[in-house]
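Colleague: Chain by chain, the residues run as shown.
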Amino acid sequence: MTVEEINVVRPLGLGETSGRRGDEARSVVGGRTGLFTTADLSVYYGSFRAVRNVDLSITEHEITAFIGPSGCGKTTVLRCFNRMNDLIDSARVEGIVAYHGVNLYDPDVNPVEVRRRIGMVFQKPNPFPKSIYDNVAYGPRLSGIKKRNDLDDIVERALRGAALWDEVKDRLKASGLGLSGGQQQRLCIARAVAVEPEVILMDEPCSALDPIATARIEDLMQEMKQRYTIIIVTHNMQQAARVSDRTAFFTTEINEESDRRTGVLVEFDRTETMFSSPTDERTEQYVTGRFG
Amino acid sequence: MSSLTPANPLVLTIGDLQGNLRRLRKERFMHVLLFGSAALSIGISILIVFTLFREAWVFLSGLIEQSGLGALIDGGARPGWYPRDGRFDLPTIVLGTIIVSGISVVVAAPLGLGAAIYLSEYAKPRTRSWLKPILEVLAGVPSVVFGFFALRVLGPDLIQPLFGTRTPTSLLVTGVAIGILVTPLMASISEDALGAVPRALREASFGIGARRSTTVVKVVLPAAVSGIVAALIVSVSRAIGETMVAALASGALGQAPRTVNPTDTGLTMTAAMAQLAQGSDQVVGDTLAFQSLFFVGAVLFLMTLALNLVADRIVERVRNQY
Amino acid sequence: MALTLNAQRSSAEAVRASLTGGKRDVRGMLFMAALLACLLLAMLTLIVLLWDVVAQAIPVFDKRGTSFLTGELGSNPDKVGVSQGIWGSLMIALFVVVIAFPVGIAAGVYLQEYAKPTKLTRFIQLNIRNLAGVPSVVYGILGLIVFVQGLEWVTGGRSVIAAGITLALLVLPIIIITTAESVRAVPAGIREAGMGVGATRWETTRDHVLPYAAPGVLTGTMLATARALGEAAPLLLIGAITGRLASAPGQSIVERMQGKFTAMPIVIYGWSNEVNKPGKKTGLTFEDLNAAAIVVLLAVVLLLNALAIVMRNRFEKGRQG
Ligand SMILES: Nc1ncnc2c1ncn2[C@@H]1O[C@H](COP(=O)(O)OP(=O)(O)OP(=O)(O)O)[C@@H](O)[C@H]1O
Ligand SMILES: [Mg+2]
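These protein sequence lines are chains U, H and Z, in that order. Under this note's numbering, the first residue of the first sequence carries the number 1, and numbering increases by one thereafter. Under this note's numbering, the first residue of the second sequence carries the number 293, and numbering increases by one thereafter. Under this note's numbering, the first residue of the third sequence carries the number 615, and numbering increases by one thereafter.
Don't read these hints as lab results, they were simulated from the structure. Glycine included, C-beta positions come from ideal geometry on N, C-alpha and C. Among the hints, a few may not be true.
[Stated by the list, open to error] Here's a subset of chain Z near chain U, in silico, CB distances under 7 Å, partners left out:
1. Gln-726
2. Ala-729
3. Lys-730
4. Pro-731
5. Ala-807
6. Gly-810
7. Val-811
8. Ala-813
9. His-822
Here chain U stands alone, though its shape is the one from the complex (with noise of 0.2 Å):
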């Protein structure tokens, strides 16, 4: 697949697809359904513009994963696909990120449930400071679920999704902060499973664990994608090799005006591909290490 193809999405326009299924917005890629769809998306932080003109589209069940150097925009774009960037004051969107062919900044929209149904696992650990239960009960207590059994259920389930319940079945009123880095990490996967995302976005997950965590939560990842659909932002290209099916190269490039970096997308395609046989020269220097 190459930038043309998905530059098919674009006809998608901003009242096309607000309260309405949107079928139109759907691409198809490789037979299946682009989840996400973006057209023309543009982020600023205030008047600098931190990504530009970025068109993409996201597999469902697949695992993408988004490299570039440091500065890119890559942490950026992933914030727009739940809405994270509406918590940074200056920070505005343009353009159209489309979800099952909802545009998500469409000002229905409320983002609150965007990102219920569109989870996120952060750079750094950030268990709250509660119980491993509390912690991954918030989630859903938030969504009317009030029983105990039902809470422990999902408590349960998430854990175990996580790959973190053996480790901490006996101790689930322990505070989160007492878990290693690692387990912390996991028990932010099990407090975004435990509200049924479809989506979990995680932002360099691994950059703050050991080879040995790092190498749990791949695992992970490769049985999550079963369930879930998981964009993964990541500076570690062997890590997008092993676990991506798709890859997004972001890099940057000088504006005339000013001299401050705006991110673009250059590459996206198969994983394979882009470790294999890159289209654009950029990617291939910054696969086989002589970029960035």
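Put chains H and Z with the ligands on the given structure of chain U with help from the hints.
Modeller: What follows is chains H and Z with the ligands alone, placed relative to chain U:
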């Protein structure tokens, strides 16, 4: 449970992404409520400004009717603040305030700055960890207690014998007492300013072999100078507005001749206000004498506001600097 | 000057001298001694004065016992007591808790968690900082005009209600500023975690941000309460009673709250102006009684302050480590 079951991915509409309406409404309600609380502060300010200036205007127009604005500066042979006689000599109480706050700065500036430098540059962390809290707790001593100290101890036992003042109460006593009162404030803000000086600056100075005292005087203090100036201004502002000490220890009761001698008894603006308010049972609400309270209050408000705004500007600038 | 001298000196002796701790640095030592003296002078003066007051107060508690705490304002030093002052001060604290705590915390949360950096927000922030610097006596004018005169039908005029509302407004900026500061110190990760699992802003604030910031917020509220308990100037303007205050038995609580009142700092102010004739029975003067009243007030105010400061320091240390 239903909200947790993933929707059929093939049929998602905007309606599905609107979230739980009850929670949405609660969020909006809380937003409005919290904003209202913050905006209330503007309401308070408007109320303060409005009441002060309306009542001050009532006084001024009454004064114009009665004796003309000239009465605000007594031209007589022995000018003074005699509100009951319709003599409102503003210079008397303004001078009183300037003398008192001047003395208090003379006391508080060296003591507060010295204490701040010691705490920030010399004290070991252990020492500092108990000295600073004591200083902060002492900053909480209510001003009326300082008034009592000034009246019963500081005046008769210290200032009077030391300076040979005629009376145990005087502007000097008030100034010294307020000086002690604002010292912890001066120390605290100055210490913040000193703490904001980057370590690297000190280390650079030590690195070329400078002594600690040299480093403090030649490097740290100059770098912190604007913060220290802000501390001074805030202290002055606080001293100007301090009421209870002045009401108890300045010696004059509701009226005083104009004086520039700190060892005299006298009146500050705040003392004049407190004593006017106290006498208000006799001087029923509407008389010009009582109304002068509001006028003095308005002048006081403007003076402290100007000082606070200047200090605020400086503090903001310092904050952005490092 | 010392700087250049130091740099130029290069003989082995000079190096040794400076390595052995600068024993020759007499000026430096003097400088440090002077600084220490400043600190001690600032603290010791107060401590000695406080000690003096306590010493003077002991005979009062000795001779009067609890009758000092239950007695009322009057002119006989053998009989007077501070019960009405304590009642008034408690009522004021109640108003602070009921009005200033929720409004102040809400405003602080708004400014830190909700407000976008607009001109209006900056204006509100500047306005609050300036309100914190308005002399307390000016708040007294606000109380007199708005709550004593304007809202007389609610407050009953020169009452503890008017005083309570006024002091609640007076300490509001303190609570707002400390709340905003402690909320600012909450790590961004906690917020992102909450919002990331689909909590609303308010749910995140209520469940994660506020609990995390609680010690700091509590510190602010305690400092504010202590401040309100010690304020006298606004109460003078509102018309707290200094001389004689007879209680009317059979009053309802509302009637009492709308009636004449006094408070501890006003009792102290009033007794400071009394003539110092010893009482016939106890031999206690108003000055002695005043020392005892000050001890009562300081016990509460300083305890609140000390608790607040210890708690804040714990909080800061815990968060750094
Ligand atoms: N909150 C913010 N305010 C202003 N600028 C920001 C903000 N967050 C990111 N930026 C800028 O946007 C650009 C992209 O940042 P982003 O964090 O998305 O990069 P990244 O690719 O995730 O980098 P890294 O690999 O280092 O995590 C950078 O130039 C960064 O400085
Ligand atoms: Mg990043």
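Colleague: Restraint: Ala-813(Z) near chain U, CB-CB cut 7 Å. Satisfied or not?
Modeller: 6 Å, holds
Colleague: Is the shortest C-beta separation between Lys-730(Z) and chain U less than 7 Å?
Modeller: 5 Å, holds
Colleague: Does His-822(Z) pass the interface hint, meaning its C-beta sits closer than 7 Å to a C-beta of chain U?
Modeller: Holds: closest Cβ of chain U sits about 6 Å from His-822(Z), inside 7 Å.
Colleague: Regarding the hint that Val-811(Z) lies at the interface with chain U, is the smallest CB-CB distance below 7 Å?
Modeller: This interface hint holds because 4 Å falls under the 7 Å limit.
Colleague: Holds or violated: the hint that Gln-726(Z) contacts chain U, with Cβ atoms closer than 7 Å.
Modeller: 12 Å, violated
Colleague: Would the stated hint for Ala-807(Z) survive a check requiring a Cβ distance to chain U of less than 7 Å?
Modeller: Holds, because the Cβ-Cβ distance from Ala-807(Z) to chain U comes to roughly 5 Å (cut-off 7 Å).
Colleague: Take the shortest C-beta to C-beta distance between Pro-731(Z) and chain U; is it under 7 Å?
Modeller: 6 Å, holds
Colleague: Could you check if Gly-810(Z) really has its C-beta closer than 7 Å to a C-beta on chain U?
Modeller: 4 Å, holds
Colleague: Would the hint on Ala-729(Z) be counted as holding, given a Cβ-Cβ threshold of 7 Å to chain U?
Modeller: 9 Å, violated
Of the hints listed earlier, those the structure fails to meet are numbers 1 and 2, in rising order.
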